[in-house]
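Asks: Each protein sequence line maps, in turn, to chains A and B.
Position one of the first sequence corresponds to residue 204 (our numbering), numbered consecutively onward.
Position one of the second sequence corresponds to residue 874 (our numbering), numbered consecutively onward.
Just so you know, not all the hints are guaranteed correct.
[Stated by the list, open to error] Sample of chain A residues facing chain B (criterion: CB under 10 Å; computed from the structure): (1) 208; (2) 209; (3) 236; (4) 237; (5) 269; (6) 278; (7) 280; (8) 423; (9) 427; (10) 430.
Calculated directly from the structure, the hints in this document are not laboratory data.
Virtual Cβ for every residue (Gly too), placed ideally from N, Cα, C.
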Amino acid sequence: MMNLTEKHIEQLYDFTRKHFVEHYDLQTELVDHLANGIEAKWQENPKLTFEEILGLEFKKFGVFGFMDVVENRQMAMTKKYHKLVWKHFKEFFEVPKIIFTIFATVFLFIVLKNATLNDIVAVILVLFAAIFAFFEMIKNQLKMKSQIEENKKRWLFEEIISSYGNIMVMAAMPIQILIHFPKFAFINNYSLLILSFLIVSYYLVNYIILKIIPSKTEEYLRETYPEYEISK
Amino acid sequence: MKNSQLYKGSLNTIIMKLLGENGRMYGYEITHKVKEITKGELNITEGALYPALHKLEAEGLLDVETEKVDNRVRKYYKLTKIGQTETINRLAELEEFIRNMQSIVNPKLA
Chain A
204 MMNLTEKHIE QLYDFTRKHF VEHYDLQTEL VDHLANGIEA KWQENPKLTF EEILGLEFKK
264 FGVFGFMDVV ENRQMAMTKK YHKLVWKHFK EFFEVPKIIF TIFATVFLFI VLKNATLNDI
324 VAVILVLFAA IFAFFEMIKN QLKMKSQIEE NKKRWLFEEI ISSYGNIMVM AAMPIQILIH
384 FPKFAFINNY SLLILSFLIV SYYLVNYIIL KIIPSKTEEY LRETYPEYEI SK
Chain B
874 MKNSQLYKGS LNTIIMKLLG ENGRMYGYEI THKVKEITKG ELNITEGALY PALHKLEAEG
934 LLDVETEKVD NRVRKYYKLT KIGQTETINR LAELEEFIRN MQSIVNPKLA
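Only chain A is shown next, with the shape it has when bound in the complex:
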């Protein structure tokens, strides 16, 4: 059996990087796959060079190379992230956290019911959360950029956590709703209660993706990537 050397493995990592696989987790899996293929083929054709066999193995991935794998991996991990957000969100509707959720909703309802210019108060509340999230996102983007420049190992799930899995696209939605239907929500108590609940939910989602999940990043990375510990 012809085994690849440490240097070959390094070469394979370089190869995946050159072919737009940016994250260490996926690089590692593809390196092992290529290495297995190369070892097997080398056994059959000992005369071929390492580079020649690598070329042949890479061809098996099709005309788009690693692109399909990379894209699908991104999608799968984003889905995993959304599931994680949802799991945390649901916790706010279970004992004991549900007490807080109900209390916050009722409290906001009373405030909005009694405040003068209550539609403006609602808009300001939503805007405040959105702007805060926006700044946090920029801060994380800058941090990510410096990590890339330092050439550190990059983990896809970590980057999804710090870019909030594109959930931020939705940040503009409540603002849009409030701008277009400012009076609609204040017609009666029911609609006002729904509005209060939506604003509380909006704060909860923000709190989950900006605070709770990032504070557990290490834990989630360890859970997602068993190799995280080895490679540190």
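Based on these hints, arrange chain B on the given structure of chain A.
Replies: Using the frame of chain A, we list chain B on its own:
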């Protein structure tokens, strides 16, 4: 892959069935095993295998383990508890599909 369109819908079930039989496997091993069982008739392409594995993992049907083998890190996949139950369901579904196809393609045999 031969007639890839026909096999496409069954790829996940094939992977899950293999993992159910063999405990834990890594990507290359799965393509190899399928080739071996079907005597080279069915060749799962790399571009299809990994997306399928990652999707099943994200859905919570597969779990991963890594191990240092030779001078590299190998990633193994295995079924989770939910994955095991789901495998049984999907296999039953696939078998029903095969039966139905059989009665359409070859009514006399069915």
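Asks: Look at each hint and say if it fits the structure.
Replies: Going through the hints against the structure:
Interface hint at residue 208(A): satisfied, since its Cβ lies 7 Å from the closest Cβ of chain B, which is below the 10 Å cut-off. Checking residue 209(A) against chain B by beta carbon gives a least distance of about 5 Å; that is within 10 Å, so the hint holds. For residue 236(A), the shortest C-beta to C-beta distance to chain B is roughly 5 Å, which falls under 10 Å, so the interface hint holds. For the restraint placing residue 237(A) at the interface with chain B, the shortest Cβ-Cβ distance is roughly 9 Å, inside the 10 Å limit, so the hint holds.
The restraint placing residue 269(A) at the interface with chain B holds, with a minimum CB-CB distance near 8 Å, inside the 10 Å limit. The interface hint given for residue 278(A) holds, since its Cβ lies 8 Å from the closest Cβ of chain B, which is under the 10 Å cut-off. Interface hint status for residue 280(A): upheld, as the beta-carbon distance to the closest one in chain B is roughly 7 Å, under 10 Å. With a cut of 10 Å, the hint placing residue 423(A) at the interface with chain B is violated, because the nearest CB-to-CB distance is about 13 Å.
Against a cut-off of 10 Å between C-beta atoms, the interface hint on residue 427(A) holds, since the closest Cβ of chain B lies about 8 Å away. The criterion of a C-beta within 10 Å of any C-beta in chain B is met by residue 430(A), whose closest approach is roughly 4 Å, and the hint holds.
This entry does not satisfy hint 8, going by the numbered hints stated previously; all others are met.
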